[in-house]
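Chains as they are written, first to last, in my numbering: chain A, 498 to 720; chain B, 62 to 345.
For the record, the hints were derived by calculation from the structure and aren't laboratory data.
Take these hints with a grain of salt, some might be off.
Dumping the calculated EDC-like pairs for lysine to aspartate or glutamate here, alpha-carbon to alpha-carbon at most 20 angstroms [said to hold, decoys possible]:
hint	chain 1	residue 1	chain 2	residue 2
1	A	K513	B	D147
2	A	K562	B	D147
3	A	K513	B	E187
4	A	K513	B	D82
5	B	K207	B	E237
6	A	K513	A	D566
7	B	K115	B	D148
8	B	K278	B	E312
9	A	K562	B	D82
If we take Cβ atoms under 10 angstroms as the criterion, some of the chain B residues that face chain A in the derived model are [as the list claims (entries may be wrong)]:
hint	residue
10	L111
11	N112
12	K115
13	G119
14	S120
15	I136
16	V146
17	V158
18	S159
19	Y162
20	K207
21	G322
22	L324
Label pairs and their calculated CB-CB ranges [as the list claims (entries may be wrong)]:
hint	chain 1	residue 1	chain 2	residue 2	range
23	B	K253	A	K562	30 to 36 angstroms
24	A	E561	B	G306	40 to 46 angstroms
25	B	R190	A	K513	20 to 26 angstroms
26	A	N575	B	T79	23 to 29 angstroms
27	B	G167	A	F509	15 to 21 angstroms
28	A	A701	B	D219	33 to 39 angstroms
29	A	T517	B	R231	39 to 45 angstroms
30	A	L694	B	R69	52 to 58 angstroms
31	B	G167	A	L501	19 to 25 angstroms
32	B	D219	A	E561	26 to 32 angstroms
33	B	R69	A	E719	17 to 23 angstroms
Ideal Cβ positions, reconstructed from N, Cα and C, are used throughout, including at glycine.
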Amino acid sequence: MSKLRAFVKLEFITVKPYFTAKNLLLYGVMVIFLTVMSADISSGLSIGMMLATMFVGYPFVIGEKSNMDAMYTTLSVNKETVVLGRYIFTLLLNICTVLFAFAVSLISLLAAAVFGYGFQPSVNSGALFLMPALFMAMQALQLPLYFKLGYSKAKFLSIIPFAALMAGYITFTGFFGGISGLDEMLNNIFADRFSYLIVCAAFAAIVLVSYRLSLVFYKKREF
Amino acid sequence: MSNILEVRGLRKSYGAFTLNDVTFDVPNGFITGFIGPNGAGKTTTIKLMLNIIKADSGSARLFGREGGLIQNEEIGVVLDTPMYVDDWTVRDAEKAVSPFYSNWDGRMFADYLKRFGLDPKKKVKELSRGMKVKLQIAAALSHNAKLLILDEPTSGLDPVARDEICDLLRGFVTDESKSVLFSTHITADLEKTADYITFILNGSIAFTGAKDDLLKKYARVTGGPGELDSELKKLVIGCREYGAGFEGMVEAANADRLPKGVLTEDISLDEIIIFMNKGAKINE
């Protein structure tokens, strides 16, 4: 097994103790609750992505507590592999979360409709696409901070992108006439297929810059 | 005699502390003890060799191979701070590290767990410090490593556990292609196991060579009150004066220059560290 594959596996083993049935059940209930309350899949997806973002920090938290950065060296894992492996782990975690949250949200909405709650489930494909991309971009801003400062020192700074996102969301919805106004705007934007391409390109650029920064920062760190 | 590891001119500065030109060898088929008081630079040297921290200059050659500092599957490492995640089970620890070694031997690992009385289902956080060290040793020995690097593995362990680990290390080097670098400040463990000693003091190597040569190089010296004149004081390293007389260490080569009433006797590794450390402080 290549070092990179072994490292990604190690990342999942590292956070595995936190993927307990109790936790997954709790997260599932949160996703269902938000989806059914808002009758919108993207709400369930957003709570799923928030949880994924929390998990992205776990390897740093656990690594700091358990001296794992030193362990990687004893396992002959170089720093490039650690950084790339962690980005791949983050991506896989996000993919799993999107699939899990989407499935749970969809099923809960269908179940709610079948049991006659009398609302019209809404699916905004633009929001569905933008939501994970936004959260992953936020994570891409957090990762270099974790690599540079370690989790404990970067914890506060890493909240800033999310605070900015929330502030932006509140301002935006206020300016465009609430959530329905934002929905309409997103529908208009994503009516043009080219918008998806622009979002993908912007996301790729953010991740690439984030990766390069993380690599530079992590190479300078000593444990 | 060939060397499995050759460390040359390692330097690292940390504010007031400097690791200065650390040079030593670890010969094939033997246990080399790496000794020195706390803060002398043992862990820093090991971390530099393993590339956990970056050296300002210097190199470490493993198996005679040129280039950089050590990063190799053929070494097994046990660090002073346990490396495994507290919430892992012993089995998780194996799952986590085994993919990194092409020579991982699951059966051997299971045998060591049995030998050490480690339950695969037990969580790392439920293990005592001694058991955590044994888990690290089991992992370090299960991928056919040629060189074991152990940083203070026996500190905080009871004498029975320490003896068990020393036994294991002696067994490991019965294969002449295998070696151990064993850092510790508990020199009693090395009196029994080590063939070679590298002694580091204040970031510099004070001695490196055969253990017996080190023990023969110095002698413990004691004398009564009034026997310690200024000439003798120059010869005694780490001299400690008290009401009933004095004690210290001299180089065995200087023994014939000592006054007749002064008593010389064999010295232990522990005493060498103590007197050298005291001597260095006096000279500061």
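Which numbered hints are broken by the structure, listed smallest first? Per hint list: 4, 7, 9, 13, 14, 20, 21, 22, 24 and 28 violated.
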